[in-house]
Amino acid sequence: MMKIAVCVKSVPDPEYYEKITLDPATKRLVRDGIPAVIGEADRHALEAALALRDENGGEITVVSMGPPAARRQLLEALAMGADRAFLISDRKVGGADTLATSYTLSCLLAKTGTYDVILAGNESADGSTAHVPSQLGVWMGIAHAAGVVSVSSDDKGLIVTKEAEGGLAKYRLRTPCVVAVTPKANEVRFMDVRNILAAKEKELQVWSAADVGNMDESFMGLAGSPSQNGEVFAIESSKNCRMLTGTESEIADQIVSIISGNSKGGEEA
Amino acid sequence: MWYMNEDREMLQKSFHEYAVKRVRPLAQKMEDEDASSREALLEMGRLGMFTMPVPPENGGTGPDYISWSLLLEEMGRESATFGFLTLLRQVFNGPLQVSCSREQIEKFVIPAVNGEILIGLAGNEPAGGNNLFEYQTRAVKDGDEWVINGGKVLVTQADEVDVFMVIALTKDQIDFRTMEGMDVFFVPTSDPGFSVGHIEHKVGLNGSRTGSVYFDNCRVPESYRMPYPMALLMGFGPELSGYASLTLGACEKMIEQTAAYLKNRIQMGRSLWDAHQAARHDLAKLKMEVLNFRNAVYGHMANRNAGIHDSIEAGALKAASGPLMEKVAGECMMLMGGTGVIHETGIEMYYRDAKALEIACFSDKTFVDTVAATL
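If you're matching them up, the sequences are chains A and B in order.
First residue of the first sequence: 333, per my numbering; consecutive thereafter.
First residue of the second sequence: 71, per my numbering; consecutive thereafter.
Be aware that a few hints might be false.
[Claimed, not checked] Here are the simulated BS3-like pairs of lysine-lysine, each with C-alpha atoms no more than 25 Å apart in a straight line: (1) A:K571 to A:K351; (2) B:K333 to A:K571; (3) B:K425 to B:K435; (4) A:K516 to B:K425; (5) B:K91 to A:K516.
Think of the hints as simulated: they come from the structure by calculation, not from any bench.
Source: prediction; values computed, not measured.
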């Protein structure tokens, strides 16, 4: 029996990325009218959890921090097959950077139970920092692995494979541990109609910071966030086609020159 | 839309994901190579997609016809044929709930709901689909078994199902009033006397593997004879509204595809969409028709959720769906010009499928007289 937790994040639906804008004042994404979904990497983390539960038996708890509407993504995680879900939603934890987020999640995990394995998506689809899983491991003082492309278990514990330079590296992790899963790790199974219709019957709690309790306000929300967004702007790009002429080696020299920034090279077509 | 709720939104999302990931790659192969949909249909069963209007005691998740319609819509978006084959599961599963013995429900129906087997219907004969009285397929009692001889034509999934429901005459004459003398038997296709004949080349609905099947001294036990065969045949009526659901999906897809094409096709610096009000309006008029049809379909499904199963209403929706789809496909092909008639664009496939749908199950022309009889 394995007790598994999965951290998920509600993010804007990638199908609507073209419609997302940045608020120039707050440097945050303007999400009005953009549907939210479970982050892609988090779905793979949940799939890894389902596979571990299929093999070992046990229970899957999903945790998240986000606005009240993120309840919908937790319901979806239950529909995908998780057993229970907890959302911390409170202005006191809002405006958090990755450090404050990981602190809050570590408190939520500690409040909801003890776990053999904590899985998370390697990075979110919106922030893409890939900080939170490792920070979570540090806050909790347990082993953690990021960039994981396969997860399995045997009677001694958890075995993970990470992508390393020039190959793959295999690790055996002492439990409890945090594993950050990439989309390469598995193929997410299709949802079962019976699971979808049973999701509402499962435990789904939305908690405030006070409900979680024992949280240090200096580590939470804006106050606990050492990093803040700097200037954020969209990069303007335009196409520019140049025709290179000469012999093959002359053209090769011109390409080298363009790449190294020494010359515009060739004639504008 | 007014009929959506949290459960149905999640269901629709999961159906959509399945349709895009599994059905989309399969659709072209079904169209071009008459490729089989069997494995995908069985997988859908395992994922619980055939449980929706089936009662919980028979492995179902209860009577939500709106969710069932969402399933058909999503499958119909990617392939009208696949939508049609999805629909057949319920065309059978629904009436089988009331026409079968408990033993038959456990042996055939629950496994079909769970995606362990596929059930098909071998009904039609050269005498004509509505002309049961002149059917040639006979079942003769031999001890505790029935011996079946005969053949069927235009059978959907002729070489793909595990068990056929076979309509056979058990007396020389069928009683007009009670239909006594006509029976329905479950016949496993593993029976050594069962064989498949020619698979037809059709105008549309390719991949549905329509063909002839033969029964040469097939032997089945008495327990495979349906106790209430009329409940099966009468029960097909309300399920016909599913045709309208899959058609809705196909129509919406064509309109979206055509709008995207018109917006992206630039001529002399302007998109066709911006340059031609007539094109915009033609497409908008189709959208309005489809929107009205959508409300009619889901109004009907809401009625079914409330326990009202009207065969005439369902048949009217079925009869309206083929012509609507043919119209939308024809107009979209016109709006896309040369691109519209190219096979790979996909619209012309819906055009041909629409014609086949108008005839599948029953021809819309036969149904009109059923309505006339109510006047």
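Quiz item: Out of the numbered hints, which ones does the structure contradict?
Solution: 4
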